[in-house]
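Respectively, the protein sequence lines represent chains A and B. The first sequence maps to residues 1 to 697 in the working numbering. The second sequence maps to residues 698 to 1017 in the working numbering.
Hints are computed from structural coordinates only; laboratory data are not their basis. Quick caveat: nothing in here was measured; it's all calculated off a predicted structure. Treat the hints loosely; a few may be bogus.
Now the stretches of chain B that chain A is said to cover, found in silico as 3 or more residues with beta-carbon under 8 Å [claimed, not checked]:
(1) 927–933
(2) 987–996
(3) 1002–1013
The following label-pair restraints were derived from C-beta to C-beta distances [unchecked claim]:
(4) 981/B <-> 632/A: 30 to 38 Å
(5) 883/B <-> 696/A: 48 to 56 Å
(6) 985/B <-> 689/A: 14 to 22 Å
Glycine included, every Cβ here is placed at the ideal spot set by N, Cα and C.
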Amino acid sequence: MPAWPTNPRYISQSTPRVDGPEKVSGRARYSSDIQAPGLLYGMILRSPWPAAKIAEVDLRPALKIPGIKAAITVRDTPFTTRYYGEEIAAVAGVSKQACLDALRAISIKAEPASAFVVKEQDGLDADSPQVWQGAANASAPRTRENGNVDEAFGQCSAVIEGFYTTPVQIHNPMETHGNTVSWTDDGITAWSSTQGISSVRDGLAGSLKLDQSKVRVITDFMGGGFGAKFGAGVEGVLAARLSKEAGAPVRLMLTRFDQALAVGNRPSSFQKIKMGALADGTLHAFEMENYGTAGIGAGGDAGGGGGGANIPAPYLYKVDNARVTQRSVAVNAGSARAFRAPGNPPASFGMESAMDDLAVKLGMDPLDFRLKNDPSPIRRKELRLGADKIGWKQKYRPPGTCPGIVKTGLGCAGAAWPAGGGSPFTQGEAQINPDGSIELRLGVQDIGTGTKTVIAVVAAEILGLTPEQITVRVGDTHYPAGPGSGGSTTCASVSPTVNDVCNQALDQLQKLSGMADARGQNWFEACKKLGISPLTVHGRWQKGLSSSHACGVQFAEVAVDTETGLVTVQKVVAVHDCGLIIDQLTLASQINGGVIMGMGYALYEERVMDDLSGVMLNPNFETYKLPGIADVPEIEVVLVNMPERGVIGIGEPSTVPTAGAIANAVANAIGVRVSSLPITPAKVLAALGKVPPFIKS
Amino acid sequence: MKAFEYATALSPSSARDLIADNGAYIAGGNDLLGRLKEYLDAPARLVNIKAIPGLDTIQYGDDCWTIGSLVTIATLEKDEKIRSALPGLHQAAAEIASPQIRNVATVGGNLAQHSRCWYYRQRDVQCLKKNGDLCYARNSDNRYHSLFSGNDCISPVVSSLGATFAALDATAVVLSGGQELRWSMAEFYADAWKMHLAHNSLKPGDLILRVEIPLSRPRSAYLQASDKHVFDWALVSCAAAADYVDGKLVSPRVALGSISPVPHQMDKANQFLEGKPLDSTTVAHAADLLLANARPLEHNAYKVPMAHALICRTLLKLKG
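Based on the sequences and whatever the hints tell you, model everything.
What follows is the structure, given as structure tokens:
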């Protein structure tokens, strides 16, 4: 059984990103930076209607615009569009302005639907206009139960009921979706902003009827995906088709407007929770009815509602008697897609809010209540650690008892992430040159999380070199295949693979050079003995060096202005474990990002659909609000290193508990619960009973 | 955006000549370029007014300071004399957008900017303000909209300088048809109160030359409440100015932004405050007077207590 080195020099230490200088100097080339001879711009025409039958699309006026080289429809007419922003056609031209003019020139003969539904509550109505013809918008409720819930509630000494809701959260990675694609007689080369170079290659090959061997996908640098960038996407296939049609490379990057509408989102949740505990604080009964929307959803033509809006429940805690009923509601809006820890942030928010509400009713300290009911020894340890760091014992006071107009409060919440393990299919290779230089090649991608640095750290550790001595190459389907970067899988996939590649390479180098130990200071002498032929070694992922199931807890300290409703997060303590830490710096960076994203979810972000017009009202950063630097609190990252568990991914669990912790801190500060995310000033003032009732005139 | 001609004016009168029937002035361009890109406006010609001499200076007279319409928000924010003599104006400038935008955005542009209503700015919605039939906000999501309006459109004025200048009783000098018109802030926005298509009272070709601020109110303050801490529109903004002599207010003025198509002022409130001391009962009563006739809609009633709190706080800041 392979094992990680004990007393490592680089593993579990702090190594700066190996590609940091390229990124901060602007030398790093992203998909939208690729320059190719004859490059054209591509753009997409989107449906201005929430639902319509598209009868005819006349592209001829677009082709008459000077500089336009290609215009295509997404599919053959007639077809149906089901949400505002769905793709209809695309053009390629020599300038962005030519493309914009061409999109406006395209004439569409359409029959907009007279009725549509964009809100979850409306979609629940059996008579609501069907998103998918012949199928009810709300899926049939699915219920599971363990124990005897009805009886159990009778045994409880405290019971709470709450309605906890979370909005649709839009994917807004720093780099929008998009590709630069060149389709020639030799095949396709796509520079893609993707989390999965292999899945994009296979997707393009499948959609465009090409051999997979004729499609190459390159992702040198990538500005974030968070679950929304696995496939080629409609925009990727369109870029390729435009390239073929125009006979030139096409760069088609989505705008923020496009991004807000059509590349996926986190489903909403409307969680009606009833929960009870015994007199000693033991959770005893739990009941939840939840619905949410995945937009037009995963229903497809076959069935309405679709899946995708379910959340894990009861989350984290052990409840012997539980009944959970869930359903998804289809609406005329962009569909859901995986979003950093799918299902978990809304689950954590709902459950952790209910936990605090029940602790208050029981008269228990919420921290003690969690310690009593959390079955995970790791999380219990983390709760104690985090409580110490935030000063829970000194600072915690009963809800609403902070004096003054600006009230402070404390809250905490936990995370569980079942994935995070490695992909057994990961492969890699090393080429060791006679001059002692070494190149590691893996067909994975660094989506901004530090994968290249992880590879350099592990290789340096095994070979007795420094991380700077390792040349890391990823993001090319010509390299040995690796998994997509989803499920927090990449670190646990590449680390054991690089370990295997490097150990094998070392073995072979030692044999070839006749040196007993080729590591460290012997390295160059050993390599020299290779003569003129580099040594290339292939390796693969191995068992025993990684595992899954990270935990994590976060504590938040907030200040709430009870007159303006403004919530200021003053501090977040984020305690996380991910087995064996590879690099503390990139790990802390992941957690910082997770906290900031979770904070946006807690306080600012919300897709606003308009039921009168059927459009999205905030497809921009003006009213789809994201945290800015002045909103971000001090974040104290506390790492729990557990080498005995092997490597586990952290990308997703780090964003799970933030919203729950902040929401609990707000409730603790003001003494009433804002049970709906985002916690805006308007909702804070309403919860405090300060908003006059609306009287319809 | 649609193709346009571009010309640079070297004097106010050449600006007026160059703009012709279907042109638009461009200075910082923050609002205009967004409107062009969204096809909200399609002028045949942009007339660059940044080269007109004299409009980018602040003049510190004895009784009155004059701020040229091309003075940037960043200049306003950083001007030490303004910071001490007109602290409310400094505070308002410092809250506007982001440092990058403040570096190029101008006083004239801030006053003249158009509605930010999310229906008006939505490219595929033809609302009342775009000559459509319906004010969508009135009937649907009006969380960011007005508590007061004199017409069917309920998009609020978002210029925080508008409210601040109103509190300071400033005058905008506008070149209109060869004449210099002198408008109070109430007059500058009067058309937006009455007419759903108007964002302010400027007619095509009208050019803001400067704003004149009397120095009779040495105390001033500005506060806004937003969803976020910086770089966010005000949900409500409030400016107040007065003199404070022997513990009593002299010539007090309060104005609010983002709750009405015009800077919201009530003579009754100003009159009530005259000669009063700054205490919590007084300011609360002034706030009541200012908000007495508010007509909250389904989603914006939170602005009432928020505005109330801001009025009280802003007035109390005048104590220094």
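Going down the list of hints, with the structure as the test:
1. With 5 residues bearing a CB less than 8 Å from a CB of chain A, the stretch 927–933 of chain B meets the requirement of three and the coverage assertion stands.
2. Under a criterion of three residues with beta carbons nearer than 8 Å to beta carbons of chain A, the stated coverage of the stretch 987–996 of chain B is upheld, 5 such residues being counted.
3. Closer than 8 Å: that is the beta-carbon criterion, and the stretch 1002–1013 of chain B has 5 residues meeting it against chain A, so the requirement of 3 holds.
4. With their beta carbons about 35 Å apart, residue 981/B and residue 632/A fall inside the hinted range of 30 to 38 Å.
5. Distance hint check: the CB atoms of residue 883/B and residue 696/A are about 31 Å apart, inconsistent with the given range 48 to 56 Å.
6. In this structure the supplied range 14 to 22 Å holds for residue 985/B paired with residue 689/A, their Cβ-Cβ distance being about 18 Å.
Violated hints amount to a single one, hint 5; each of the other numbered hints is respected by the structure.
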